[in-house]
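What follows is the residue order along each chain.
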Amino acid sequence: MSDMILFFIVQTGFVILAAPLVNGIIKKIKALTQKRTGAPLLQMYYDLFKLFKKTSVVSDVSSWIFRVTPYIVLATAVAAALIVPVTTLIKPVWNSGDVILLVYILALGRFFMMLAALDTGSTFGGMGASREAMISALIEPSIMVSLLTIGLIAKSTSVFEMMTFMQTVHNPLIHPVYLMIFFALVIIIMAETARIPVDDPSTHLELTMVHEAMLLEYSGRSLALMELGAAIKQLVFITLLVNLFLPHDQLLGISGITAIGISLLIYLGKVVATAVLIAIVEVSTVKLRLFSIPNLAALSFILSFIGFLQFFVFGG
Amino acid sequence: MTNYLDALSVLLLVSAFILMGNKRTGSYIKTFQFQSALVALLTGIIGINSFAEEGRVDVLIIGAIVVGIKVLFIPYLLKKTYAKVAYRVEKDFFLNIPLLIIICCFIVVFCYYVLSETAGINTGIINNQMVNSVSLILIGLFFMISRKKAIGQIVGFLVIENGIFVTALFAIQGMPFIVDIGILMDILVAVIIMGMMVFRIDEKFGSINVDKIKDLRG
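These protein sequence lines map, in sequence, to chains A and B. Sequential numbering from 1 applies to the first sequence in our numbering. Sequential numbering from 1001 applies to the second sequence in our numbering.
If you are wondering where the hints come from, they were derived from the structure by calculation, not from laboratory data. This one's a predicted model, so the numbers in the text were calculated from it and none came from an experiment. Honestly, I wouldn't trust all of these hints.
[Unchecked claim] With the C-beta cut set under 8 Å, the calculated list includes, among others, these residues of chain A facing chain B:
1) 122
2) 180
3) 186
4) 295
5) 298
6) 299
7) 305
8) 309
9) 311
In this text, a Cβ means the ideal position worked out from N, Cα and C, and glycines have one as well.
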């Protein structure tokens, strides 16, 4: 029972508190490469705090979907965070969901986000929603194939079981199967978290935007909920990447509360390193044309498929 | 050791896929340079291993020559050639890129099928490396026939050569020294001549698109 409470506190509290920091780090590094000082690291916390105090303006012509969507987006993001454990040292008491639930619970939040964007009838909203639908449809096969390949090797679709299995693999990043899946997942993260080769997160009111176009009608508390939801989703994907491919819990060799603390610190270090890498990719590449995104999605799908093929022929 | 070689062969295959997904001639050349750097790294690892075990230095020398020719000189030559003829952006491929990448995936599956017929698919770790390097040869060939411009076809030719070189390294730790040197000199001369041919084609037809060479000129 105490394990369960600890799991809840660590998963929800830790993920919600750490999620805006990732955005802060990425923005800071982008600013530094452009020789600007940039906003402070904790800027997104200040923004969210301020937005939560403001009232939200809702269009007269919008329906209940517009009002209920921010809560659904945040709820699905937190539910997804409960599926992906930040450390494997705390064992979830119940069987905490598998990869299929993870993918489709995030798809549920995205579905409502698209509905809400269409709901107000603004042109930008409809444009953003249709583009988001296209990107998510393109990237879904590759995310399913890559995660289920790891599931096949680990003989379980539960994310916790998969992460525990990866602890026993010696150095996954030089293993041919996992290397392919790793590249596929990196492309998936770029597409799913609206990062630069696919979508530009820092533009407003431009014809190229995808994710921001859907949030355009929101203000005040609703906007804060939507942005927090997007940040949590991003951290969930980063957690999936670092805990599957850079496992560290086995190396500690101890257990108990101190081990959990050390494990969380190492986890934070890995997340910060990933954020730095994402920022470097963002400053060194350009945003693709919308019609070039299928190329990236095809690349990601085929890499994960060849990883699956290698597992099928040679074994894990 | 075999783990690292496995990882390198997978990286080579990934670089071939990235090459297939590129749209611009400038990025073909960059990706080719990256791939050649991987080949040089692989040659270096195998060279150090063969030096430590048998006292041979020839693979190390070949590695140094690969760095000089394929990583530095040929990309420089191609960039220079391209800078002189790149005054017009044209569509460069016959099919769209997702389809090309999926056909490449079929090529890899075909390689698995073909190599499973040869002896030893179930015995050792070498098979993974063999499959990836043979796929590299065939993907290079497919790259060559999928692009319209002469520079793309030169890059495809160089990828085939990379694939053959890597296959020899994985299978028998490198060909005899004189054969390797001969092949490297051959591709150097071939690239220089093809670069000149690109100039000539451009001068004569006003484009480096090889489709237009079929047009009648009177």
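- Query: Can the hint on residue 298(A) be confirmed by a CB-to-CB distance to chain B that is less than 8 Å?
  - Reply: 4 Å, holds
- Query: Holds or violated: residue 299(A) as interface residue toward chain B, Cβ cutoff 8 Å?
  - Reply: Holds - the Cβ of residue 299(A) comes within 8 Å of chain B, reaching about 5 Å at its closest.
- Query: Against chain B, with CB atoms and a cut of 8 Å, does the hint on residue 309(A) hold up?
  - Reply: At about 7 Å, which falls below the 8 Å cut-off, the nearest Cβ of chain B leaves the hint on residue 309(A) intact, so it holds.
- Message: Less than 8 Å between beta-carbons is the criterion; does residue 122(A) satisfy it with respect to chain B?
- Response: 31 Å, violated
- Tell me if residue 305(A) is really an interface residue toward chain B, meaning its C-beta lies closer than 8 Å to one of theirs. At about 6 Å, which falls below the 8 Å cut-off, the nearest Cβ of chain B leaves the hint on residue 305(A) intact, so it holds.
- Query: Are residue 186(A) and chain B close enough, Cβ to Cβ, to be under 8 Å, as the hint says?
  - Reply: 11 Å, violated
- Message: Tell me if the interface restraint on residue 295(A) is satisfied: Cβ within less than 8 Å of some Cβ in chain B.
- Response: 4 Å, holds
- Query: Regarding the hint that residue 180(A) lies at the interface with chain B, is the smallest CB-CB distance below 8 Å?
  - Reply: At 6 Å from the nearest chain B Cβ, residue 180(A) passes the 8 Å test, so the hint holds.
- Item | Status of the hint placing residue 311(A) at chain B (closest C-beta pair under 8 Å) | 11 Å, violated
The structure fails hints 1, 3, 9 (numbered hints given earlier, in ascending order).
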